[in-house]
Amino acid sequence: MPDAFFEGFQLFLSNFWIVPLGVLIGMFVGAMPGLTSSGTLAMLLPVLLVLKPELGLLLGVSIYSGAEMGNSFPSVMLNIPGTAGGAVTAFDGFPLMKQGKAAWALGICIMASVIGALIGAMASLGLSPQIAVVALAFGPAEICIVILFGLAVIAQLSAGGLAKGLFAGLFGLLLATTGTDPTFGTQRGTFGVVYLYDQLPVIAVLVGLLGFSEVLIYVEKGLSRLLKPGAELPSHQIGLAGIISGMKETFKYPMELLRGGAIGVGIGAMPGAGASVATFVSYQQALAFAKPERKALFGKGAPEGLIAADVTNNAVVGGALVPLLTLGIPGSGSMAVLLVVMTYHGMYVGPRLFQFSGDIAYAVLISQFFAAGFILVIGTVLAFFAYRVALLNLKMMVPIISVFCLMGGFARNNFLFDMAVMVVFGCLGFIMKRYQYPVVAMLLGVILGRLFEREFMRAWRIGLDTPELFFSSAIAQILWGLFIFTFVGPPMIRFIRRKLKSRSAAE
Amino acid sequence: MQFLKTYSGILLVPMLALAYGAHALWELTTGPFQNATIIYTYVIGVPMLILGAIAVAGDLRNPAKARVSQETAASGDDGEGSVKGGGRRVALVVLCSLVLISVLSWVGYLIGFFLFVLAVMWAVQLKNWVASVIIAVIMAAVVHFIFVLVLGQDLPVGILTFMAR
Numbered sequence: 001m002p003d004a005f006f007e008g009f010q011l012f013l014s015n016f017w018i019v020p021l022g023v024l025i026g027m028f029v030g031a032m033p034g035l036t037s038s039g040t041l042a043m044l045l046p047v048l049l050v051l052k053p054e055l056g057l058l059l060g061v062s063i064y065s066g067a068e069m070g071n072s073f074p075s076v077m078l079n080i081p082g083t084a085g086g087a088v089t090a091f092d093g094f095p096l097m098k099q100g101k102a103a104w105a106l107g108i109c110i111m112a113s114v115i116g117a118l119i120g121a122m123a124s125l126g127l128s129p130q131i132a133v134v135a136l137a138f139g140p141a142e143i144c145i146v147i148l149f150g151l152a153v154i155a156q157l158s159a160g161g162l163a164k165g166l167f168a169g170l171f172g173l174l175l176a177t178t179g180t181d182p183t184f185g186t187q188r189g190t191f192g193v194v195y196l197y198d199q200l201p202v203i204a205v206l207v208g209l210l211g212f213s214e215v216l217i218y219v220e221k222g223l224s225r226l227l228k229p230g231a232e233l234p235s236h237q238i239g240l241a242g243i244i245s246g247m248k249e250t251f252k253y254p255m256e257l258l259r260g261g262a263i264g265v266g267i268g269a270m271p272g273a274g275a276s277v278a279t280f281v282s283y284q285q286a287l288a289f290a291k292p293e294r295k296a297l298f299g300k301g302a303p304e305g306l307i308a309a310d311v312t313n314n315a316v317v318g319g320a321l322v323p324l325l326t327l328g329i330p331g332s333g334s335m336a337v338l339l340v341v342m343t344y345h346g347m348y349v350g351p352r353l354f355q356f357s358g359d360i361a362y363a364v365l366i367s368q369f370f371a372a373g374f375i376l377v378i379g380t381v382l383a384f385f386a387y388r389v390a391l392l393n394l395k396m397m398v399p400i401i402s403v404f405c406l407m408g409g410f411a412r413n414n415f416l417f418d419m420a421v422m423v424v425f426g427c428l429g430f431i432m433k434r435y436q437y438p439v440v441a442m443l444l445g446v447i448l449g450r451l452f453e454r455e456f457m458r459a460w461r462i463g464l465d466t467p468e469l470f471f472s473s474a475i476a477q478i479l480w481g482l483f484i485f486t487f488v489g490p491p492m493i494r495f496i497r498r499k500l501k502s503r504s505a506a507e
Numbered sequence: 508m509q510f511l512k513t514y515s516g517i518l519l520v521p522m523l524a525l526a527y528g529a530h531a532l533w534e535l536t537t538g539p540f541q542n543a544t545i546i547y548t549y550v551i552g553v554p555m556l557i558l559g560a561i562a563v564a565g566d567l568r569n570p571a572k573a574r575v576s577q578e579t580a581a582s583g584d585d586g587e588g589s590v591k592g593g594g595r596r597v598a599l600v601v602l603c604s605l606v607l608i609s610v611l612s613w614v615g616y617l618i619g620f621f622l623f624v625l626a627v628m629w630a631v632q633l634k635n636w637v638a639s640v641i642i643a644v645i646m647a648a649v650v651h652f653i654f655v656l657v658l659g660q661d662l663p664v665g666i667l668t669f670m671a672r
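Residue numbers (this note's numbering), protein chains in the order written: chain A, 1 to 507; chain B, 508 to 672.
Certain hints may be false.
What the hints assert, rightly or not - Simulated coverage check for chain A against chain B, where a stretch passes if three residues somewhere in it have a Cβ under 8 Å from a Cβ of chain B:
| # | segment |
| --- | --- |
| 1 | 394-400 |
| 2 | 423-432 |
| 3 | 457-464 |
Said to hold, decoys possible - Distance condition first, Cα-Cα at most 30 Å in a straight line; then the derived BS3-like pairs of lysine-lysine:
| # | chain 1 | residue 1 | chain 2 | residue 2 |
| --- | --- | --- | --- | --- |
| 4 | B | Lys572 | A | Lys252 |
| 5 | B | Lys572 | A | Lys221 |
| 6 | B | Lys634 | A | Lys221 |
| 7 | A | Lys499 | B | Lys572 |
| 8 | A | Lys501 | B | Lys572 |
| 9 | A | Lys433 | B | Lys572 |
| 10 | A | Lys291 | A | Lys252 |
Because the hints were derived from the structure by calculation, they are not lab data.
The beta-carbon is built from N, C-alpha and C at its ideal position, and this holds for glycine as well.
Work out the full structure, taking the sequences as your base and the hints as a guide.
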């Protein structure tokens, strides 16, 4: 074990109190329909920035972990998923509630989430330092290709299609050129506005795209209460004995746990995919591998389905940390917030993170194990009432979240101009979401734009004003291969699958 | 009018990108930019414009598919849970935010956020005025406690000059 690991452990122990707090906040956030973990982290950014970097990162990761579990409560109890990732939990969780087994289902959700979080923690702790060592060989050209690769993967997975995804990412990269050229010091895209001379206020952009755009979606949908007051609630079904019985049941499905965990880590590490994609894939795989007599139970209360959804949901967190800590590339909105926290505190972002801030990186990785423990304890307590958060009048949340977003825009520079930028990007994010442009791609472009431009310039100048360096090394060629595969691979796989299907149909 | 209603949303993001991209490329011809900066902007800007055109062409071919279907909101106890008038509500919330930003340095954060919360509550049609006033007072207090006292933010005090630190 490297020294940084033990230093990280010590650092974690001296700050571990923030983990249960984060898990608790995350569970409430996750239980509230429409409020995503990334939106909440964006909203809380002023707090995350004021805290010491290790505390801010531990709080952020804990909120993310808690939210992925918390979304199961309203999914099971009310058939109202707290987040997109929780939708699959409702497939089998809600039918179980209707059968009078709500406590049992919640027990399964809690234990599967704990195991998912542990698998994610083990994978990220095992993989991150190794990948970081490999990534140390990356030069400026390779870093540029990795950023492009990240944007390409997000684009490929975007609901609006590849063109919209890539367009959003490139628009973000172009917006990031606003301000002073990092290499030559010339000003661009400022329109003469003094506040833009440095660069586009990244924090205001982030809070707008992730947080304020969510508020506007809330407002447009005109949500008030998701259930009428006086509607019968299944609270009488919740009991400790049932929860414990459900927890024990989880261990009867080791293959589902392992498979779901692996899918969560793998898809979590892919930029842009996230828990919503991962849980659907995991559920589909659980169904495909189920015994024929069990298949009919899926959608009617199969514990395998519930386990597949929840173990994956939480394993995603560990997976998402891998590209952030090793390459400095955030795979999701939540990770983008953490990246901003890291850069705000002047931490090195990229493969050398483990060299320069290894203690903090390890503290974050180690914290996930403890977060899993707190999910077990806090989740069991909250199982009795957390789903009631979904009964709040959502209209009341609009001004509250708006105030936090406005303050989030203001926090970094204390400029009212930044608040206005936040509102503008909130509107832009709202329209982008409406017309299926992935905001995460644009955010990634804006956040990584400066790094991308700096490294591009370096590679260009090392190559004596030619693009030679981008294609000369073996690593660069492999990365280009992967980049091209993101475009060619999915249609190729679809084609092969279609051929195989038609062949088997003919036989 | 119907044309504008159907296509304005589809065209808005690409048009913004087009305007910004065109400005960025035009700026290169006017300023004292190095060769590498010019190439970088072209490497980003030109594919962006092409992809934007492809995205718009796809959306124009099938405008109905371009937009995410609005989920029908569950009806609330007061019958307010309606998608109808969503655009107007969004515009009002954005307007409230912009008005707050423009008057904040004059009225100060306590009065500003109090009025902002009330205005947003009105915009989202929360009809319980007692609850609205209570939430507005609480939010102004939260801003003062969390952001000014705990986080040490330097918010404009406006006409409440006695609050200046």
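Right, here's what the structure says about each hint:
Only when three residues or more bring their CB closer than 8 Å to a CB of chain B does the claim for the segment 394-400 of chain A stand; here the count is 5, and the claim holds. Coverage of a stretch by a chain is defined here by at least three residues with a beta carbon nearer than 8 Å to that chain's beta carbons; for the segment 423-432 of chain A and chain B the count is 7, and the condition holds. Given as covered by chain B, the segment 457-464 of chain A passes the check, having 3 residues with a CB less than 8 Å from a CB of that chain where 3 are the minimum. Between lysine 572(B) and lysine 252(A), the direct Cα distance comes to roughly 44 Å. Violation of the 30 Å bound is thereby established for this hinted pair.
In summary, the hint linking lysine 572(B) to lysine 221(A) is supported, as the alpha carbons are separated by about 19 Å, within the 30 Å threshold. Between lysine 634(B) and lysine 221(A), the direct Cα distance comes to roughly 17 Å. Compliance with the 30 Å bound is thereby established for this hinted pair. For the proposed pair lysine 499(A) and lysine 572(B), the alpha carbon gap of about 28 Å is at most 30 Å, so the pair holds. Proximity of lysine 501(A) to lysine 572(B) is assessed by CA-CA distance (about 28 Å); at most 30 Å being required, the pair is judged to hold.
Of the pairs offered as hints, the one joining lysine 433(A) and lysine 572(B) holds, with about 13 Å between alpha carbons and a cut-off of 30 Å not exceeded. For the suggested pair lysine 291(A) and lysine 252(A), the alpha carbons sit about 14 Å apart, so the restraint of at most 30 Å is met.
In summary, the one numbered hint that this structure violates is 4.
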